[in-house]
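Student: Below, each chain spelled out in residue letters.
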Amino acid sequence: MPSRFLYPRCLKFMLSCLLLVTALGQVAAYADDATYTTDLGVALSPSEVSPYEITIFPSGKNLPEGKGSVKQGEGLYQNHCMMCHGEEGDEGPAARLKGSDGWFSFSDPLRVLRIDKYPILLISVGSLWPYATSIFDYIRRAMPHYAPKSLSNDEVYALTAYILYLNDLLAKESVLNEETILDISMPGKQRSVSAWPEIEL
Amino acid sequence: MKPTNVRAKSLVPVARGGLLDRRSFILSGLAFSSSLAVSNAVASDKISTSKIDQSLPPWMKTPGNGDTEYGLPSKYENHIKRDVAEHTPETSIFSIWHTPIENQRGIITPNGLHFSVNHNGVPDIDPQKHKLMIHGLVDKPLTFDVESLLRYPMVSAINFLECAGNTAPNAVSLTPLDQTAQELFGQVSGAEWSGIPLKHILQEAGLKPTAKWVIVEGADGGSHARSIPISKLLDDAIIALYQNGERLRPSQGYPMRLFVPGWEGNANVKWLHRLEVTDKPAFTKDESGLYSDILDDGKIQRFSFHMDVKSVITRPSGKQVLPEKKGFYEISGLAWSGYGKIKQVEVSADGGKTWAIAHLDQPVLSKSLTRFYIPWQWNGNSTMLLSRATDEFGRVQPTRAHWRDKYASYSFNHYNAIQAWHISSDGVVENSYA
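Note that the protein sequences, when read in sequence, are chains C and Z.
Residue 49 in our numbering sits at position 49 of the first sequence; the count goes up by one each step and never skips.
Residue 244 in our numbering sits at position 244 of the second sequence; the count goes up by one each step and never skips.
Think of the hints as simulated: they come from the structure by calculation, not from any bench.
Please note: incorrect hints may appear among the correct ones.
[Claimed, not checked] Straight-line alpha carbon distances no greater than 20 Å define the calculated SDA-like cross-link-like pairs of lysine to any residue that follow:
1) C:Lys-61 / Z:Lys-212
2) Z:Lys-140 / C:Asp-39
3) Z:Lys-299 / C:Asp-39
Starting from the given sequences, assemble the full structure and let the hints guide the process.
Tutor: Here it is, written out as structure tokens:
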């Protein structure tokens, strides 16, 4: 059955013709707008990338197993966070974790001072952030500021729980884990609009 | 300093308050320099002991010093520095460094003076151990070491970079703070950025049909991350490896950063190490609070990537003093737009009653700082200098009142209102609201 051998040969020839045509087409394109490139990327295996997959999505994707209570969070907060975020979570100097965004009151007498000294005190996690998963994500990757990535997953759940509690979004006896964190509905979500058109919020 | 004696054929007023037409000024300057060439040295045919006058300055009578391997500015200029904003919280981990914009000429900021915002300090990254990863909704997850990336064909473009929070004090302060242009406008800079078009890397990995966003992450302590729409990355985004001809400085993201021309600084992720291709944004920390805009009705506007059309007169500007009452000055400033090219800059020397079109220096480039000038004969009275830029799409800078109408009273990002500098009759220049 010679045709069986001929067939792949013919295919190979057609293929090389095709490649040549494509190559010629590309040569022309190179001269026009220099769109050539070099493919030097090396295959990345799932095990290589997995230690780096720390982004927690609103869907819960990448949330690690773990749990932490509001009560545990309170203790951790006092030890690791209070010196920068204040006793109540809204005195600064670093960003407000609790309460409303904006001026402390309409006639805040320290208005100018606050702008001058601590402008990021005008924002608040409790009122602006649309997803509790983002609080978990950020504490885990970046806080405490002087020792990022030093907290255990359970500690991060506990601190997230405590911040939610400070904002009346979680009861005092609650425990937060990779499932219950998805039940939290943040006030910042309802207020959100997107300047970028290709997205629904 | 002697009083200015303006040399010009005719200086045609183009608006009230002493604004003049720059073309007549330039032309007369040219006429003068050619007449200079006519004057001549005196010839002599006798041997004489006379030599060059020994009262010449010492640096003309001795050989100079050796040069250095990496050049630095003159020691007489070393007061021109970035300043670190005092109002950043407690630790140096989060710091904002402002460029001395009033001392810059042209449209390129020297690398050492480029503004920088570091949310978790400046990491010390060993390029031998640094890798770029791309994974998620791609056909082939890939990794690249720095050496391989340096072998890719590269493109270069001159672009501005501006922090979303630039000029925030004027956005939120009830009364204008008496600050310099550096303090108020120092979070914008211009540079030539060179690197690899991101589309090449995305195409090499092969995008799945559901790919819509890329979570771009840095390798700094805080793992700064932003969700960037794929359409921008396929358009003009690059992996920047060089800035103004040399490898990136650590505070600009060494060994590499994302550069998304015209978009807020925070989206130009420094110390880039990971691209996770997704169908949705991640709502990272800076997409959740700090880099959102609070609108007048209380809504939280997210993903406002573009830096809108803006301008500022850099000379004269805040806290400078005009050296000569009724003197002649050249007003100079910078304009830019995250959407494209600057089409026009108008200047007013009478607080906005009349306006004249300023001269734009070439080149006028897309999403780049653009330098403008206009000659000005100050009449010695107190007045207000304003600049108003328009880009090629007809976007015009709003007044401060119009800008404020759109946003909550404490919203401070993306402030691009017309800037006013008050000139007192003593020549003192002060930040002001028009």
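Student: Now tell me if each hint is right for this structure.
Tutor: Do the hints match the structure? See the list:
1. Between C:Lys-61 and Z:Lys-212, the direct Cα distance comes to roughly 17 Å. Compliance with the 20 Å bound is thereby established for this hinted pair.
2. For the proposed pair Z:Lys-140 and C:Asp-39, the alpha carbon gap of about 12 Å is at most 20 Å, so the pair holds.
3. A threshold of 20 Å between alpha carbons decides the hint, and for Z:Lys-299 with C:Asp-39 the separation of about 45 Å lies outside it, so the pair is violated.
This entry does not satisfy hint 3, going by the numbered hints stated previously; all others are met.
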